[in-house]
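Novice: Chain by chain, the residues run as shown.
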Amino acid sequence: MIPQEHISLFEDYTANVLGDKERLEFEARLSYDSEFKSFYDQYLAVEKGIKEHFQKEYLKQRLKEADESLDAKVKTGKTNRKGIITACISLAAGVTLVFGIYYNNANHGKMVSELWPYEEGLPVRMGQSNTYHSGMNAFKLEKWEEAITLLNKFDSDTAKYFTALSLYQLEHYEDAAQFLSKVSKPSIFFEDAEIRLALLEFLDGNKIEAKKILNKIRRDKNHKHHDLALRILKKI
Amino acid sequence: MYEKDNRVIQEIKAGSEAALVDTYTLYRDEFMAWSVRHYSISDELAKDVFQDAIIDFYQNIQSGQLEVLNSSIKTYLFQIAKYKIINILKRDRRQTYLEDTKLINSESQDYMQDQEIKYKLEDITIAMSNLPADCQRLLKLYYFKEYDMPSIARELNYKNSDTAKSKKSVCMKKLMIELNKLSKILVL
Chain H
395 MIPQEHISLF EDYTANVLGD KERLEFEARL SYDSEFKSFY DQYLAVEKGI KEHFQKEYLK
455 QRLKEADESL DAKVKTGKTN RKGIITACIS LAAGVTLVFG IYYNNANHGK MVSELWPYEE
515 GLPVRMGQSN TYHSGMNAFK LEKWEEAITL LNKFDSDTAK YFTALSLYQL EHYEDAAQFL
575 SKVSKPSIFF EDAEIRLALL EFLDGNKIEA KKILNKIRRD KNHKHHDLAL RILKKI
Chain Z
438 MYEKDNRVIQ EIKAGSEAAL VDTYTLYRDE FMAWSVRHYS ISDELAKDVF QDAIIDFYQN
498 IQSGQLEVLN SSIKTYLFQI AKYKIINILK RDRRQTYLED TKLINSESQD YMQDQEIKYK
558 LEDITIAMSN LPADCQRLLK LYYFKEYDMP SIARELNYKN SDTAKSKKSV CMKKLMIELN
618 KLSKILVL
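Those sequence lines, one after another, are chains H and Z. For the first sequence, this note's numbering assigns the number 395 to the initial residue and increments by one for each residue that follows. For the second sequence, this note's numbering assigns the number 438 to the initial residue and increments by one for each residue that follows.
Accuracy of the hints is not assured; some may be wrong.
[What the hints assert, rightly or not] As a list, the in silico DSS-like pairs of lysine-lysine whose alpha-carbon atoms are at most 27 angstroms apart: (1) Lys557/Z x Lys628/H; (2) Lys458/H x Lys557/Z; (3) Lys450/H x Lys441/Z; (4) Lys534/H x Lys618/Z; (5) Lys511/Z x Lys537/H; (6) Lys511/Z x Lys527/Z; (7) Lys596/Z x Lys454/H; (8) Lys450/H x Lys527/Z; (9) Lys445/H x Lys611/Z; (10) Lys527/Z x Lys618/H; (11) Lys606/H x Lys611/Z; (12) Lys442/H x Lys441/Z; (13) Lys610/Z x Lys534/H; (14) Lys602/Z x Lys442/H; (15) Lys596/Z x Lys450/H; (16) Lys458/H x Lys527/Z; (17) Lys519/Z x Lys458/H.
[Unchecked claim] Which stretches of chain Z does chain H cover? Using the computed rule of at least three CB atoms under 8 angstroms from a CB of chain H, they are: (18) 463-471; (19) 588-597.
[Said to hold, decoys possible] Which chain Z residues face chain H? A few, computed with CB under 10 angstroms, are given here: (20) Arg474; (21) Ser477; (22) Ile491; (23) Lys602.
In case anyone wonders, no lab produced these hints; they're calculated from the structure. Note that the Cβ used here is the ideal one computed from N, Cα and C, for glycine as well.
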């Protein structure tokens, strides 16, 4: 623990209120008295910690405000929907017609990117260096070309799935869709592939096909991406 | 490759709070959906964890430990938040508590701990919450709002700046005592 008598001295030094002679003595002591130096370093670490504590407290508050605003949007959307929907339907249709085509084309990519589920890849044990693990490592490190080259050597649903995801990152959407459509039903990635395929169909302008897939997911309440499908259907 | 994300980092480095909040709002819902699905945690905990991940992201940028990303911001944040959830779940199951991971070497996705920090932020937070309210206010004015002593005296109705200065010294000593208590608890 920092001795109590040191604390006031450290405070004065950091606040730069020591006289010239005292300051020089203080700095000299820092250089020859390692215990004193260690206490001073601890004191500085506490000061740094206090600043970080208040900064965190402040940022947390700001993010909570952002939460309130995000959650309020969802609630408002739900509460007002019934009442407003009839009144706005013709206006919305008009607005959609005028702006929709332009806006959707320009923003499909952004929207899909925001809705595209996060995929962290499969665990790879240290020391395992075969092609498959190297491919998965490349995927995790976001080295997309390398991941595609390595994973393409395998004819498995998992390899197809992660190849598709890498192709998507490189904006080769059609190729990505082709790989996703090849992921077979028994695969653990089938449901992930389905939702992504829907997003890619939408991105490609095939809204009807996208909705077809999304409605299929919507009907299956046990589907991993049931809620996301509902969100996407609302957006498109 | 991550020009847009690195631009966001530069904006945050330059002090843009809006860029940080925008990053939070952009990925929050997706993170909630992902974490609830993978770890069966509540929405509230997911929000809390993601806020902490955003704050770590901010502090790593401000401290200069994160300057350029070799992955996307989304990957960076999800990785930090994922390890936070794992730590919380382990703690709740009364298993060995791992140190909260704060820093990422984005090249290797390796997590490290800042060895220079002698006091964990968590300890400071606990110690601070045990201080009297007037001490908390004073330290906030001094260290966060960067008020000088005459301004603190005015704000907190102290007689003069000397009173504020000695009061601050008393508060710091109290904080050190609280931190010492915590380290004793940890040793026991």
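Novice: Regarding the pair Lys458/H and Lys557/Z, is the alpha-carbon distance no greater than 27 angstroms?
Specialist: holds (23 angstroms)
Novice: Using C-beta distances, would you say chain H covers the segment 588-597 of chain Z, given that this needs three or more residues below 8 angstroms?
Specialist: violated (count 0)
Novice: Is it true that the CA of Lys596/Z sits at most 27 angstroms from the CA of Lys450/H?
Specialist: Since the Cα atoms of Lys596/Z and Lys450/H sit roughly 31 angstroms apart, the hinted pair is violated (cutoff 27 angstroms).
Novice: Between the segment 463-471 of chain Z and chain H, are there enough contacts, at least three residues with CB-CB distance under 8 angstroms, for the coverage claim to hold?
Specialist: Our answer is that it holds, as 7 residues pass the Cβ test (under 8 angstroms) against chain H, meeting three.
Novice: Quick check on Arg474/Z please, does its C-beta sit within 10 angstroms of some C-beta on chain H?
Specialist: holds (7 angstroms)
Novice: Taken at face value, is the distance from the CA of Lys611/Z to the CA of Lys606/H at most 27 angstroms?
Specialist: Judged against 27 angstroms, a Cα distance of about 65 angstroms means the pair is violated.
Novice: Taking 27 angstroms as the top limit, are the C-alpha atoms of Lys450/H and Lys527/Z close enough?
Specialist: Holds, at about 24 angstroms.
Novice: Given the hint that Lys610/Z pairs with Lys534/H, does the C-alpha gap stay at or below 27 angstroms?
Specialist: violated (47 angstroms)
Novice: Checking one constraint from the list: CA of Lys450/H to CA of Lys441/Z, max 27 angstroms. Satisfied?
Specialist: Holds: Lys450/H and Lys441/Z sit about 25 angstroms apart, inside 27 angstroms.
Novice: Verify the proposed pairing of Lys596/Z with Lys454/H, using a straight-line Cα cut of 27 angstroms.
Specialist: Outside the cut-off at roughly 34 angstroms; violated.
Novice: Lys511/Z and Lys527/Z: Cα distance at most 27 angstroms?
Specialist: holds (24 angstroms)
Novice: Do the alpha carbons of Lys602/Z and Lys442/H lie within 27 angstroms of each other, as the hint requires?
Specialist: Between Lys602/Z and Lys442/H the Cα gap is close to 19 angstroms, so the pair holds against 27 angstroms.
In this structure, the hints that do not hold are numbers 1, 4, 7, 11, 12, 13, 15, 19, 21, in rising order.
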